[in-house]
Amino acid sequence: MQSSTIVPASAEQQTLPGRRKPANSRRRTGLLIAISFVVPALAVLVLLRIWPAIQSILLSFTSWDGIGEPIIVGLKNYDNLATDPVFLQALQNNLLLLLAVPVWVIVPFFVAVALRSRPFGWRVFRLAFFVPNVLSPVIVGIFFSVMLQPQGAVNTLLRSIGLGFITQNWLGDPALALVTLASVVIWSSFGVGVLIFLAALGSVDDDLIAAARLDGAGWWRIQRSVILWEILPAIEFWAVLVLISTFSQLFPLVYTLTRGGPGYATYILDYNIYQEAFKFGNFGYASAIGVVLFALTLVLAVLQIWLFRRADK
Amino acid sequence: MSATAAARVRRPGWTPRRVVGRLGRIVVWLILASIALSTIYPLLFVFSNAFKTDSDYQANEIGLPPNPTLANVQNAWNVAEIGTFAGHSFIVVAASVVLITAMSVLAAYALTHLKIPFRNIGLVGVLALMMLPTSVLMIPMLRTVQQIGLLNNFLGLILVYCALQLPFSIYLMTAYYRRIPTEVIEAAAVDGASPLRALWSVVLPLVRPGLLTLATLNFLWLWNELLYGLLLLQGPDKRTLMAGLALLNGEHTAGIPLISAGLSIALIPPLLVFMFFQRNLAEGITAGAVK
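If you read the protein sequences in the order shown, they are chains A and B. At the far end of the first sequence sits residue 313, using this note's numbering, and the numbering has no gaps. At the far end of the second sequence sits residue 291, using this note's numbering, and the numbering has no gaps.
Please keep in mind that the hints were generated in silico from the structure rather than gathered at the bench. It is possible that part of the hints are untrue.
[To be verified] On the chain B side, residues computed to face chain A include the following (Cβ under 7 Å):
{"#": "1", "residue": "24"}
{"#": "2", "residue": "28"}
{"#": "3", "residue": "224"}
[Unchecked claim] Among chain A residues calculated to face chain B with C-beta under 7 Å, some are:
{"#": "4", "residue": "252"}
{"#": "5", "residue": "277"}
{"#": "6", "residue": "281"}
{"#": "7", "residue": "287"}
[Claimed, not checked] Covered by chain A, according to a simulated footprint, are these stretches of chain B (three or more residues, beta-carbon under 8 Å):
{"#": "8", "region": "82-93"}
{"#": "9", "region": "131-137"}
{"#": "10", "region": "188-199"}
{"#": "11", "region": "232-246"}
{"#": "12", "region": "262-275"}
Quick caveat: nothing in here was measured; it's all calculated off a predicted structure. From the three backbone atoms N, C-alpha and C, an ideal C-beta is built for every residue, glycine too.
Use the sequences and the hints to build the structure in full.
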């Protein structure tokens with residue numbers, strides 16, 4: 001027992017060469033174990049994320065009806081894209097939706113700031129704001145298509161409180177449908193942002209705010225100069241999530257709420273892919289749209305990783 | 001200094017500044033309350049329409065059912081096969097959640113606390129996959145699932161759901177693992193515990209809230225997932241609940257009350273899960289954002 005704690009120097013040296021080998025093989029088994037931890041996830045991701053991504057690029061150079069074998073057509077799909085009014089409209093709508101991102105960040109920020117002072121029933125509010133995330137897009141779609149009809153509940157409510165002049169054909173007016181869609185999307189996801197911002201606000205040092213107040217800073221000044229900077233990482237994180245959402249989370253709502261209409265007013269790229277492939281059977285052409293969407297988001301992804309890295313520091 | 005502050009707090013009466021402050025607080029509260037009403041109201045809308053007759057619904061879309069009926073729920077369950085579809089969804093989602101949790105627990109642990117080659121590439125890869133939109137993959141995903149012979153097979157959709165949710169799940173687990181000091185893990189290793197042993201008996205108990213959050217979030221998302229359910233399980237004998245409801249909504253013969261009845265049934269599992277785990281959820285969602 002005792003000899004293991006106080007080992008004579010000579011004995012230690014004698015045992016060292018003998019020990020090296022097991023240590024080495026232990027390291028090797030350690031490596032094997034570590035790799036075996038990663039393999040299941042890696043296998044699934046390679047098979048169903050990376051291989052499909054490669055296939056998507058390959059298919060974009062083909063004409064394929066989804067049943068037979070794809071026929072190589074070179075760059076023809078991309079040539080057609082450049083002059084396809086439906087695709088261009090969808091692309092434009094996707095880019096326009098990026099304009100909603102600031103609102104999408106500001107709304108949960110102010111709601112979180114309001115909740116931070118713990119108004120009456122703030123726990124209930126926090127719970128309620130998250131409810132739309134539990135609802136399936138099918139529910140949200142049906143609910144809003146009923147509510148937002150010209151004679152629907154929203155317009156009735158507006159008229160009854162004397163705001164009749166605001167009433168609109170929310171989903172039927174091509175100039176307005178995209179704004180309506182963006183609003184519904186923000187409504188259905190801002191609760192997550194509120195949670196993220198509340199947690200970040202909780203970690204802001206109260207002394208810092210007290211100090212700013214002593215220096216004579218007003219409410220607005222404190223939000224802008226103290227709180228905003230303190231929770232910047234959370235804001236960046238949320239902004240990034242939201243940015244991705246405009247490219248990847250809208251399909252279910254478009255499918256259930258507007259079906260891309262009226263006309264092509266709320267056609268977005270992923271809905272365009274779905275229609276081209278599964279309605280018209282142009283799988284090759286749809287793949288080319290996918291590649292464009294992929295390239296667009298790759299640019300954003302690089303920007304986002306850079307932001308994450310910066311937020312980490 | 002403290003005396004003047006105390007005097008200011010105790011000063012009685014309605015100074016203009018206080019009136020504005022109080023009014024402001026009331027206005028803010030009213031705004032919060034109306035937002036909360038708008039987010040809760042859809043639940044009432046769906047549940048109350050489920051019990052209306054078609055003609056009662058035509059007469060009044062909002063509001064409570066004047067003559068409550070169970071016919072819609074019965075029809076949804078028996079004729080529209082909502083119960084069968086719910087069974088399919090349950091199999092697929094439960095299996096996916098278990099697999100995703102197991103795989104991300106292991107992979108994230110290797111990426112944060114074990115010595116592994118290309119660790120940084122792995123971490124960046126996870127972030128990149130998390131950010132790329134999955135809707136781009138709908139066609140090649142369908143083709144790949146076809147190639148491996150799992151189209152119209154629950155296993156196909158389960159694997160696709162794993163692929164969709166793994167990047168986020170691994171990312172969230174790394175955020176939790178990073179909070180555990182390396183000393184804890186080293187101590188376990190010194191005591192002779194294998195990595196798997198250390199993970200199971202030392203690390204996992206410490207990240208239990210994270211595991212619950214992860215499982216809850218994945219359950220909520222996958223239960224409501226529509227696109228891949230529509231694409232990969234096409235026959236009525238395999239259809240998922242959301243696909244069934246979306247298709248029912250597309251049929252013009254099905255009235256809103258019938259669909260509402262189906263939606264109400266579909267809402268019960270996620271609502272229960274949400275109510276049980278909501279405290280965890282708030283904590284978990286923020287784990288990735290705040291370090």
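Results for each hint:
At about 9 Å, the closest approach between the beta carbon of residue 24 of chain B and any beta carbon in chain A exceeds 7 Å, and the interface hint on this residue is violated. Here the hint on residue 28 of chain B is kept, as its CB sits about 5 Å from the closest CB of chain A, short of 7 Å. Hint status for residue 224 of chain B relative to chain A: holds, with the closest Cβ pair at about 4 Å, below 7 Å. Among the interface hints, the one on residue 252 of chain A holds; its C-beta lies about 5 Å from the nearest C-beta in chain B, closer than the 7 Å criterion.
Checking residue 277 of chain A against chain B by beta carbon gives a least distance of about 5 Å; that is within 7 Å, so the hint holds. Given the 7 Å rule on beta carbons, the hint for residue 281 of chain A is violated: about 11 Å separates it from the nearest Cβ of chain B. Against a cut-off of 7 Å between C-beta atoms, the interface hint on residue 287 of chain A holds, since the closest Cβ of chain B lies about 5 Å away. Here the region 82-93 of chain B counts 0 residues with a CB under 8 Å from a CB of chain A, which misses the bar of 3, and the coverage is violated.
With 7 residues bearing a CB less than 8 Å from a CB of chain A, the region 131-137 of chain B meets the requirement of three and the coverage assertion stands. Against chain A, the region 188-199 of chain B contributes 3 residues with a C-beta closer than 8 Å to a partner C-beta. That satisfies the three-residue criterion, and the hint holds. For the region 232-246 of chain B, the stated coverage by chain A holds: 3 residues have a C-beta nearer than 8 Å to a C-beta of that chain, and at least 3 were required. Beta-carbon proximity to chain A at under 8 Å applies to 6 residues in the region 262-275 of chain B; the threshold of 3 is reached and the given coverage holds.
In this structure, the earlier hints numbered 1, 6, 8 are contradicted, and the remaining ones agree with it.
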